[in-house]
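Add chain B to chain A, keeping to what the hints say.
Given next are the chains, with one letter for each unit.
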Amino acid sequence: MTVPRNGSIQRRVTSALFGTIAIALALMASGIAFYEYKGAEPRLRANLDLIAESLFTTVVSTVDFNLPSVATETLARFQAGPMIQAARLYKHDPGGTMRLFAEYSQLGHTPVFSSIPRPDGFLVSGDAALLTTTYVRNGTPVATLQIEGSLTAVRRRLVESLRVLGLGFLILLLVGAAVSHLLQRSISRPLRKLAETARAVSTTEDVRLRAEVDSADEIGQLAGQFNTMLERLAERDRRIVEAYAFQTALVESTGVAVISCKPDGTVLTFNLAAEQMLGYSRTEVVGKATPSLWHLESEVRQRAEELTRELGRTIEPGFAVFVCRVSHGPPEIREWTWLHRDGTRFPVQLVVSSMRDPEGRLVGFCGLATNLTERKKAEESLRASEHRYRIVVDQTGQMVYDLDVKTGVNLWFGASAVRQITGYTLEEFQAVTLQGWSEMIHPDDRAAALENFDQSCAAGLPYSALYRFRHRDGSYRVIQDLGVFLRDESGRVVQMLGVMSDVSQRVESAEAIRRLNIELEQRVRERTAELGRRVSEVEKLNADQRGLMQSLASSQQNADRAAARLQQANSSLLIANQELEAFSYSVSHDLRAPLRNITGFLELLERRSAGLLDAESARYVTVVIGEARRMGMLIDDLLTFSRIGRSEMNLQEVSIEALVEEVRHEMANDVTDRTLHWTINPLPRVQGDRTLLRQVIANLLGNAVKFTRRRPVAVIEIGVGATRPGDTFLTFYVRDNGAGFNPKYLDKLFGVFQRLHNARDFEGTGIGLANVKRIITRHGGRVWAEGAVDKGAVFYFTLPASPAERTHLPPA
Amino acid sequence: MTALLRSRILLVDDDPAGAELTLAALSAVEPDADVDVVADGEEALDYLAGRCPFERADDEPPHAVLLDLKMPKIDGHEVLREIRADPRLCRMRVVVLTSSDQERDRELSRTLGSDHYLVKPPTIAALIEQLKGCSHLFSPTTPGPLG
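Chains A and B supply the protein sequences, listed in that same order.
Following this note's numbering, the numbering of the first sequence begins with 1 at its first residue and continues without gaps.
Following this note's numbering, the numbering of the second sequence begins with 813 at its first residue and continues without gaps.
Isolated chain A (complex conformation) (with noise of 0.2 Å):
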């Protein structure tokens, strides 16, 4: 059976529906109208027989008592029926034969048969069938009867079942199609309704739409199905609404430019910000221009250049250029110059990455920008902020350090300030690591500096610090170190930032201002002392001469006098001064040019004349040398010794300790063939000048070797004496195990000229220690002498400790 595919489901389960009972129909009146046409002629038969059977015993009487108005009465009953058309009674006689005895004829009907006596059986003839029968009794035939009868009456039936066929046939379809429409509703409906809907959804896109569900069926469950599926579309259909609203927001807010292309370079996507970055619009570029349009050619083509080299295979200048690499590889992080539309050009950096979909092919490319100016600007800025720090830092004369206190790493700054205060350049500097700069500072100051470090460093506190700091030459310098500690977010503290100032010349200035003062106030005391010594003196004398007026009057010129004279003597004694250093500076030239050429030319002698005099001559040249160079040295030392009164003294910090080594060093060469044990004991630093008190060292140390000269072993000791606290001077002194000298003659033991060994056993100008009582008085110290003959000597001198030496005091 086939039916149409693309009928709707209703007009499909309808046709199938009649279909099935027209069939059925169609089979059952076709049995049926072949049954009745087929059992027609013995149901006529059987009738017939019947009927004949019947009428017996009144055909039997009427025959026996010869009464065939009887028997025609009885025929003529078959009028009732439309079975039977005619009828004929034979009466047989005894001599064999038979004659008609009574007939039935239905009216205006025709006997189909003729009527003659025929032997017993069923005749058919078209429509008309003709039954014969004889009654026989007791072996005897009694009479005969004829009945014809219709098929016709017989056939008629069959129509009339097939007429109740077509009803009932009707009375199906009416049935059909009442199942139809309750299939229409239960069914088809729904499914149409569900069909529409999905049709609706396909073509509005409107995923919102619902199917009906109104049956718990199949049907239903698919109609449920189709909606949760629908639901499901609408969630999904949310996201992507959703995170292309988040996208384009993005994209599109964003400062970076964001543009996509093809695989070609044609511009697909063109944001806000590359809008404004290039001055296109996105209608100007979207499916129109490439990237090339914005980019320098030179640039271009340079990295065209460039990719061809590496990549081995020829790239052209073009889009290839921007995407060649991320074709196949990572994104791509570049920094271009971009032209805006009006020709301006401008720094980006460019990331250019391939955009592929699920089964990754290659669909576009994407490419974002960061416009670079404000960064380089700011880079700049930055730079020159810096260059401009550094310039101030340099200027403040300061050593300014940023310490990353997690890791050590300690940055300094101040070029001119380190190369001062340090003596190294600020590179090499900024080598030294936080314990080598803590091994910078004086070995005294140290432990108090650190402790001082690591407490404000605890409690991240201000850092303040004094110390002394060594100096590449050896020296010191005082440095004030102030510190700030900062914290991180959860308050620990993670850097110092701080300055470290030379204060030397403020601590020098503040002690020479107290030592002015002190100096100050002892004159002014001397000048008390001496106003009233001469208040008492003016009182002794009006005391004295109390009564007499011109005693008064002669104490008057008396006083006028002196005043007179002294100030006579002052002008003498500036004249003297001049004259004196006129005097040094004529015996520094005119006395010393001729002794040096005498010097000379004995030298010269003494050359050309080597193996040519005997040996007395040759002695003699010697000794006028050496004479010679007696008398220079003589002129030298009273030179010094009278400019070490008049020259400008420079105070600084000065370290004994390391004059004490310059001077021993010097000496070396002169004493090696002499056995010294030197004892030098810690010595501080004090406050003067550096080249004068060179000379006192030298002296000093000259003589204490010069006069162990005699000794096997030359035992020499320097030290300074115990301080007390308060101290602003101390006492150094020079021991040793020489000659020694009588103290009877201690009085001349600092005179100028003055000797107490003669010139045989210890050779001298005798000026050495007049240079060092001048020198040390000048400072504001003093110096004495304990010795005896062959006992040794100590030599004590003192000296202003340095500002910084003295906040290393102990405390008083």
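Hints listed in this document are in silico derivations from the structure and should not be mistaken for laboratory results.
Keep in mind the model is a prediction, meaning the values are calculated, not measured.
Heads up, the beta-carbon is just placed ideally off N, CA and C, and yes, glycines get one too.
There may be inaccurate statements among the hints.
[As the list claims (entries may be wrong)] Computed beta-carbon distance windows for the label pairs:
(1) Gly-611(A) to Glu-854(B): 41 to 47 Å
(2) Gly-945(B) to Pro-462(A): 49 to 55 Å
(3) Asp-871(B) to Asp-614(A): 52 to 58 Å
[Unchecked claim] Far from chain A, by Cβ distances over 10 Å, these chain B residues were calculated:
(4) Glu-867
(5) Asp-871
(6) His-889
(7) Asp-898
Structure of chain B alone, referenced to chain A:
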């Protein structure tokens, strides 16, 4: 060629004995040098200007001057000042050789543009050493301070 490269030095010293000793020392340091000696500042300026009696065939000034400070008539500082003021001479090397170790003399010489300052030492041996220390200044190939 060698003759052209010989250094020419002018020694200015009013003390003939001192000058002789300086010559002796110089001959040990610069044996090939061509040294002329004048006795005071006036003569030095005449010599450098090529005035009578110091006319020369070549007009070239010497490569270096060894200059004493304390001299009669025109002293060394004045000579130095004149040399530095003369565009023809201003590139010439000037080594001050004096017996003065006064700081003010040293300072003034430096200010006026001397190339070196030597205090006459007590011995010839020491003087030779000192001259050796600045012998590069006598070389004719050394460009001057303004060159």
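Verification of the supplied hints:
1. Gly-611(A) to Glu-854(B): 41 to 47 Å: holds, 44 Å
2. Gly-945(B) to Pro-462(A): 49 to 55 Å: The hinted range 49 to 55 Å holds for Gly-945(B) and Pro-462(A), with Cβ atoms some 53 Å apart.
3. Asp-871(B) to Asp-614(A): 52 to 58 Å: Cβ of Asp-871(B) to Cβ of Asp-614(A): about 54 Å, so the range 52 to 58 Å holds.
4. Glu-867: holds, 32 Å
5. Asp-871: The claim holds: Asp-871(B) sits with its nearest Cβ about 34 Å from chain A, beyond 10 Å.
6. His-889: holds, 14 Å
7. Asp-898: holds, 28 Å
In terms of the numbered hints stated before, the structure departs from none.
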